[in-house]
Every structure is written in C-alpha cells, then in structure tokens.
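Construct all of the structure, not just a fragment, from the sequences and the given hints.
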Amino acid sequence: MTDLLRIEGLRIQFPGGSQMRDVVSEVSLAIAPGEAVGLVGESGSGKSMTARAVIRVLPPTARVSGEITFDGAPVLSMASKQLRAFRQKDVAMIFQDPSVHLNPIRTILDFLAEGMRLRGVTGDAARSRAKSLLSQVLIDDPDRVLDSYPHQLSGGMLQRVMIASAIDGEPRLLLADEPTTALDVTTQAEVLAIIDRLRRERGVGLLFITHDLELAAAICDRTVVMYAGRTVEEQGSMAVHRAPLHPYTAGLLVSRPHVSQKQARLQVLPGRPIAAYEAPGGCSFAPRCAHAQPACEAEVPAFRALAGGHVACRRAEELRTAGLLKEVTHAES
Amino acid sequence: MPSPDASPSVSVQDLKKVFRVGGQSVEAIRGVTFEVPRGESLAIVGESGSGKTTLARILMGLERPTSGTVKLGGEDLPNGRLNGRRRRRWAERVQMVFQDCYASLDPRQTARGCVAEALAVHHKAPRSELAPRAAELLGRVGLHLDALPNSLSGGQRQRVAIARALAVAPDVLILDEAVAALDVSVQGQVLNLLADIRDETPDLTLLFITHDLAVVRQVSDRVLVMERGLVVESGTTDDILDRPTHPYTKRLRESVPDVGWKPTATTQV
Ligand SMILES: Nc1ncnc2c1ncn2[C@@H]1O[C@H](COP(=O)(O)OP(=O)(O)OP(=O)(O)O)[C@@H](O)[C@H]1O
Ligand SMILES: Nc1ncnc2c1ncn2[C@@H]1O[C@H](COP(=O)(O)OP(=O)(O)OP(=O)(O)O)[C@@H](O)[C@H]1O
Ligand SMILES: [Mg+2]
Ligand SMILES: [Mg+2]
Chain D
1 MTDLLRIEGL RIQFPGGSQM RDVVSEVSLA IAPGEAVGLV GESGSGKSMT ARAVIRVLPP
61 TARVSGEITF DGAPVLSMAS KQLRAFRQKD VAMIFQDPSV HLNPIRTILD FLAEGMRLRG
121 VTGDAARSRA KSLLSQVLID DPDRVLDSYP HQLSGGMLQR VMIASAIDGE PRLLLADEPT
181 TALDVTTQAE VLAIIDRLRR ERGVGLLFIT HDLELAAAIC DRTVVMYAGR TVEEQGSMAV
241 HRAPLHPYTA GLLVSRPHVS QKQARLQVLP GRPIAAYEAP GGCSFAPRCA HAQPACEAEV
301 PAFRALAGGH VACRRAEELR TAGLLKEVTH AES
Chain U
1001 MPSPDASPSV SVQDLKKVFR VGGQSVEAIR GVTFEVPRGE SLAIVGESGS GKTTLARILM
1061 GLERPTSGTV KLGGEDLPNG RLNGRRRRRW AERVQMVFQD CYASLDPRQT ARGCVAEALA
1121 VHHKAPRSEL APRAAELLGR VGLHLDALPN SLSGGQRQRV AIARALAVAP DVLILDEAVA
1181 ALDVSVQGQV LNLLADIRDE TPDLTLLFIT HDLAVVRQVS DRVLVMERGL VVESGTTDDI
1241 LDRPTHPYTK RLRESVPDVG WKPTATTQV
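Keeping their order, the protein sequence lines are chains D and U.
Every letter in the first sequence is one number past the one before it in our numbering, and letter 142, counting from 1, is 142.
Numbering-wise, our numbering comes out as the position in the second sequence, counting from 1, plus 1000.
Rather than coming from a laboratory, the hints here were simulated on the basis of the structure.
Do not rely on the hints blindly, as some may be mistaken.
As the list claims (entries may be wrong) - Simulated crosslink set (DSSO-like; lysine-lysine; CA at most 30 angstroms straight-line):
#, chain 1, residue 1, chain 2, residue 2
1, U, Lys1071, U, Lys1124
2, D, Lys131, U, Lys1016
3, U, Lys1250, D, Lys262
Following this line, the structure appears as structure tokens:
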C-alpha cells in the first residue's frame, strides 16, 4: 500500500546571526491510510515545525529542504492553486495554540463557517452543521458557544472548537499538535474516540504530536521520537513503552510522574534540552547520555533498522542486551 | 482580628461569577468556598469549562466576582478595578502562569527582557543585576536561549512565563495548565524545581490547575474537584486519587490513559 504521507530527510532552517541555523535537521517518517503515528520528543525539538512543513505554514523566513509527499504528490513543490486544494480537501491541522489561529474579534460561528463556505455550505445549513460539530466534541451549549468570541471560552472549549473545525472538512490526513492538553481526561477520552473512529472507519491518517507516552501508546500504532531536530527512534507504540531502543526514550519513560505513586524528586535527564543548531558533532544526545562513549561523539549515528523499528544509536543492541534500556517501573524504583 | 500571619493564605467564601453573552447568562462559578493554608499546594482539577480559570482570574484581580468574598492572607481583594499601583501591589502577592501563555507574553519582548521587566517592576533586583538574574531564572526552568515569543516553541514560551512569575517571588503562585505543554523531561525539571522552591520558601502557596492526575500526585497536598461551577469533592491527594467518592471524580480517575487503555465514548452524541 502506498503511504498517505511520506517525509524524507526533512530539514528546516532559519536565519540566525550570519548563517542559517537548523531547527529540524533530519526527519523521516511515513503514515499509511488509517494509521496513527505518534510524534514525541523534547520541547523545541521541532515537532510543530515538522507538522507545519507538511501543510506549508512555516514562518516566511524558514528554508525547507528534503521531501514531503502526500499520496505520491510532492508537497514542497505544489503551486499555489494545488496547495490550496490540498489544504482544503486533503489535510487538516489542529494547532498547538488555538488562540493564535482564532481571530479575537470574530465569533466561533464565523470561524467554523469560513471553512464551510469554501465548500458551498452557508447560512442556516452552516449554523446547524457547526452546532452538530460542537455537540460531537461534547460542548453542551453549542448555541451559546457559536455566538461567543474566543476570550469568552475556556481553554478546553477552544481546543475542542479547533478539533471540530479540523474534522469538519473530512480530511484524509489529520495533523494534531497536542490537541488535548487543555482537556480533562474524561473529555479527552471521548474526543479521542471520535478521532480514533475517523481513522478506523474512514481511513484517515493521523499524526499525533504529544508528550504523553501513555496516550501515544493508547491511540497510536507507531511512535516516532525526536531529539534536537532528528528522528532518533521509531517503533510500535507499545514497544516504545516496554522496550525503548534509544537511551533518550528510556530517559523519558523514567522521568514522568506517575498517577499511582508520588516520588520525592522525579528522575530527570541531566543537562538541558538543546536546539538542533546547538547539537554537537556526533550524536546530539551524547552529552546527556549515561551510556555515551567517545566514539558516540565522532559521527552522527545512522537511523537504522532494529528489532522491528528504527533507531539512531551506535550502542542500541549492546545496551538492550545488557538490559540498560529497560523501563524502570515505579514499583521497582 | 486574627493576626494576618495566622490567617489562611487564600480564602474564598461563597464565590459566584455570572458572565453575560448576548442575552444569555453563563454561570461560570455557582458558589465556591474553600481555604488554603499558607505553604500548602492545592490542585484544582475538573471538567473543561467548570470555572477553574475564571476562579484563578478572580484571585488575580483580573475579573470581578458577581458575589462572595476573596481574601489573600486575611486581606480582602480590593474593590473596583485594579490598576496602577494597586494592581502592582496585588500582583506582588499573587502571580499566575496562564493556560494560554501565548496571549500573556509581550510579542516584542525577548524571553530575558520579559523576566528582567518583572524583576524591575517589582524591585526584585538592582539595575545592573537584571540581565544576569533573568538569565539565571530562565536557566532554572531549563531555558538557555533568548528569543522573541514567536520564535519559541510552545513549551519554551510556557517556561518563560513560569520564570517571569517566579521572578516576582509571590506569596501565592497560580499555575493554570502550566506544565501541560512540556515534554516529560522538561516537565520533570519544572516539577522538581517547584518542589525545591517549596522547600526553600515554605510559606509559598501553590494553586495548581491541571488535568494531569500524575502531576496532581506529584505536586499537591490537597485536591479540589470542580464540575459545572461547583466544588464536588475535596480532600487530601491520596484520598481523592485512591478513594474518590463522587461519581465525577471516579470517572476522572478511570479515564487516565495507561498502556492498554483505549479511548472510548461513554456518552452518546
Ligand atoms: N520563527 C522562528 N524563528 C527561529 N526559530 C524558531 C522559530 N519558531 C520556532 N523556532 C525554533 O524552532 C525550534 C523547534 O520549534 P517547534 O515549535 O517545532 O518545537 P516543538 O518540538 O513543537 O516543541 P514544544 O514541545 O515545546 O511545542 C525551537 O527551538 C524554536 O526555538
Ligand atoms: N469573559 C467571559 N465571558 C463569558 N463567558 C466566559 C468568560 N470567561 C469564561 N466564560 C465561561 O465560563 C465558563 C468557565 O470557564 P473557565 O475558563 O473558567 O473554565 P475552565 O474550568 O478553566 O476550563 P478548561 O479546563 O477548559 O480551561 C465557560 O463556560 C466559559 O465559556
Ligand atoms: Mg510544539
Ligand atoms: Mg481553564
């Protein structure tokens, strides 16, 4: 089966000082129809930029190279007419910051109706369609919400308005950038059930950016892990959880808080997150890695196949065999 | 009169807030009463739209209650609009990191400038110390770059807002979904930092609004559960998470994603 979305060797740079600086250095991933792929990774590692590159809404100063194809068609070279059709029909994005994408002086109805107008749905039909979309995302007084301005709604309501707008156009590919961070877990479960149904019943491909590895394991088939502008691991979501391949992923699993038990202090990775352009030669995680050796700093490790997934770590087999990448469960720690 | 030191850090009595939208009224808070002792960390959890942010904005003096009283350290929230000096005095005691931090950061000010300004306005550092102190605070939240908000990632902006609130060294710190946008390793750093700050300043009162029950377990002493503008359950963190009694709290506890968990629709739409 051909992939719905294919990203190969994506690189995104911004002008910084006198030269161009990478914020994404090398990202590759693919999504088949009906497949859900989780994208997790350090804050600032380039997750949002990667998703934004797919619909070409990067800041104007960004320089993009590499290859992105949708259903075989190269996205980066689409002419503006083709690009408009692609955004209207094929792909939708739920942005991380709803307020940036909502006009503060227009009502929610105006916002939702705008997309519908392009498809010829107007007037009362648009209002009733908007109402039903809001009910689907569990907003219990849709009429009031439609007539509200963004500042009159709660964070989770705005997030659900964004989700409603994204599923309205019946896209074939949904890019969801931390779509449920402002939702309580009960509402989250129900909203994700809608998205889950879309992909199972209608074959929608899903790129799901999250920092919640449990959530990724629960709703995604595969999870891709990014660090400093690169994909460093890719595996089945459950496997990422139970048997991570990269020391960074293993570190993430250990550092998260757990609902069943308080810890005096969380075991966080030493050091600080870095941007892609700050990455040293060699493995960019090496300075923070407990298992780094001098050779790790010599060259960028290849992203290679291992144990049904992919990893960019020289020592992955060795560490796995020695049991050093096993998730430390909180009962043990 | 009890001495101000013996009074609870935050005291809210029968608070109500009604908004008007068009011809309709929205009862965002329908009668909420609680106290937070000095130095306690209280988590506020609840349904989306249940009034958590509104409650926080009232405590900040950004929104007037429709009725009820709010006290900080025994002192009433001043009447009328807070501006100028009164706004600054109140802000010195209570700081908030907003859920929507994008809107709360000045787009023309760099991360360092933003924290330095908070230090300057509240006279927390002499002029010559502003830049290094700002950089130090940003370092504590794991941010080592200086840039304008629109060239920062979501989690980076959130950390600027946290550093700015810490710069003021308030009595009460309200964090509204402040760690939701952070990846687990940075989130862990911030949660550890808050634990350190609580050890260093035992009088600091934390109000932690969050949807993440693992975070609740990690940071809070007590929990308040809100649903539709009311407090439906409150108690110690262990009681609420391990022995919830209200049906909503039980549902909340059961919806925590875990390995093997699947999103399910429990209500028909
Ligand atoms: N307009 C811009 N100019 C220059 N650099 C930028 C710009 N926008 C973002 N960046 C940088 O690009 C990097 C990647 O940002 P991105 O938003 O993709 O991160 P992210 O992985 O989504 O992080 P988060 O989890 O915090 O949302 C960051 O280090 C950020 O500082
Ligand atoms: N300025 C306003 N004008 C009108 N209605 C408002 C205003 N601010 C909040 N509301 C309404 O008050 C209710 C409570 O909103 P609030 O933001 O306090 O919820 P919340 O508990 O913080 O939710 P979330 O978890 O989604 O952030 C919502 O129905 C919201 O639409
Ligand atoms: Mg992002
Ligand atoms: Mg809120």
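Could you work out which of the previously given hints the structure breaks and list their numbers from low to high?
Violated hints: none at all, because every hint is consistent with the structure.
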